[in-house]
Structure formats: C-alpha cells, structure tokens
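In the numbering used here, the protein residues as written are 1 to 141.
Distance condition first, Cα-Cα at most 25 Å in a straight line; then the derived DSS-like pairs of lysine-lysine:
{"hint": "1", "residue 1": "K89", "residue 2": "K132"}
{"hint": "2", "residue 1": "K21", "residue 2": "K48"}
{"hint": "3", "residue 1": "K40", "residue 2": "K123"}
{"hint": "4", "residue 1": "K32", "residue 2": "K89"}
{"hint": "5", "residue 1": "K121", "residue 2": "K48"}
{"hint": "6", "residue 1": "K9", "residue 2": "K21"}
{"hint": "7", "residue 1": "K32", "residue 2": "K132"}
{"hint": "8", "residue 1": "K89", "residue 2": "K48"}
{"hint": "9", "residue 1": "K89", "residue 2": "K75"}
{"hint": "10", "residue 1": "K21", "residue 2": "K32"}
{"hint": "11", "residue 1": "K133", "residue 2": "K75"}
{"hint": "12", "residue 1": "K57", "residue 2": "K16"}
{"hint": "13", "residue 1": "K48", "residue 2": "K32"}
{"hint": "14", "residue 1": "K21", "residue 2": "K57"}
{"hint": "15", "residue 1": "K121", "residue 2": "K89"}
{"hint": "16", "residue 1": "K75", "residue 2": "K123"}
{"hint": "17", "residue 1": "K82", "residue 2": "K121"}
{"hint": "18", "residue 1": "K133", "residue 2": "K32"}
{"hint": "19", "residue 1": "K48", "residue 2": "K82"}
{"hint": "20", "residue 1": "K123", "residue 2": "K32"}
{"hint": "21", "residue 1": "K132", "residue 2": "K40"}
{"hint": "22", "residue 1": "K121", "residue 2": "K40"}
{"hint": "23", "residue 1": "K57", "residue 2": "K32"}
{"hint": "24", "residue 1": "K16", "residue 2": "K48"}
{"hint": "25", "residue 1": "K82", "residue 2": "K123"}
{"hint": "26", "residue 1": "K48", "residue 2": "K75"}
{"hint": "27", "residue 1": "K133", "residue 2": "K123"}
{"hint": "28", "residue 1": "K82", "residue 2": "K40"}
{"hint": "29", "residue 1": "K75", "residue 2": "K40"}
{"hint": "30", "residue 1": "K57", "residue 2": "K9"}
Keep in mind the hints are simulated off the structure, nothing from the lab.
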Amino acid sequence: HDENISYEKMVDIIGKNIAEKLKDLSINIYIKARDYAETKGIIIADTKFEFGLFEDKIILIDEILTPDSSRFWPKNTYQPGKSQISLDKQYIRDYLVSLDWENKDKIPELPFDVVRNTFLKYKEAYEVLTGKKFRIEDIER
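All chains, full assembly: derive it from the sequences and hints.
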C-alpha cells in the first residue's frame with residue numbers, strides 16, 4: 001500500500017535537489033497526460049509516479065497512467081463535490097469498503113460481477129484513451 005508523504009518529507013528523505021527534479025518531472029508528465037486525456041473526454045483526477053536512481057540518473061519505473069495507478073473520470077458525467085463514475089480500480093476499492101475490509105490478512109475473493117465490471121471499466125478507459133477497440137486476441141501470451 002502506497003503512503004502519501006508531503007513534499008517537505010520527500011525533501012528530508014532524498015534532498016532538495018532530487019526532490020525538485022522529481023516534482024518538475026511529475027508535474028510535466030501529468031500536464032501532458034492531462035491535456036491528452038482531456039481531448040478524449042477523460043479527467044485524470046489523480047495519479048502516481050514511481051521513480052528510482054540508476055547510475056545517478058532519475059528513471060521512471062513501474063506502471064504509469066494506468067487504471068491501477070490513476071483515477072480516470074469521464075468528463076461528461078463529472079459533478080463537482082459528488083462521488084464520480086470512474087474507469088479505474090476505484091470500483092474494487094468501493095466493493096472492499098462495502099465489506100468493511102481494509103488490508104486485513106485474508107483478501108476476500110472477488111465475485112464474478114465485480115471482476116467483470118472492473119474489466120469493462122478498464123476496457124472503456126483503454127478504448128476512449130487510445131481510440132482503438134480492445135481485442136482480447138491481440139494480447140500476447
């Protein structure tokens with residue numbers, strides 16, 4: 001589970017120089033993604049980026065801008081101050097909250113309809129953002 005930290009705490013951990021570079025990189029990547037998604041009718045409500053250092057160079061690692069690491073809201077249904085329709089893993093989070101489960105030892109098995117509806121949300125995000133039809137047969141094994 002990821003832990004949010006303040007910018008000040010990040011500076012304490014990694015130093016001001018690297019923290020400033022990470023902040024600038026993160027904002028620049030987000031702005032490009034936000035602007036692109038907006039042309040497709042999607043609001044990127046939030047996201048996370050994970051960085052590392054390799055041979056003293058900052059590298060972007062792990063997934064970026066996926067339904068697992070971001071929250072995507074259809075712009076045409078957005079209502080400020082209300083719970084949003086989302087095309088991401090928020091659906092699973094909401095289901096787990098309804099069970100009063102929060103990082104307990106045993107992960108509950110997800111019912112088929114929760115898995116299916118999550119797949120359909122991810123599929124819609126893919127199709128809207130790429131402009132391509134999702135075809136399961138295109139996935140390499």
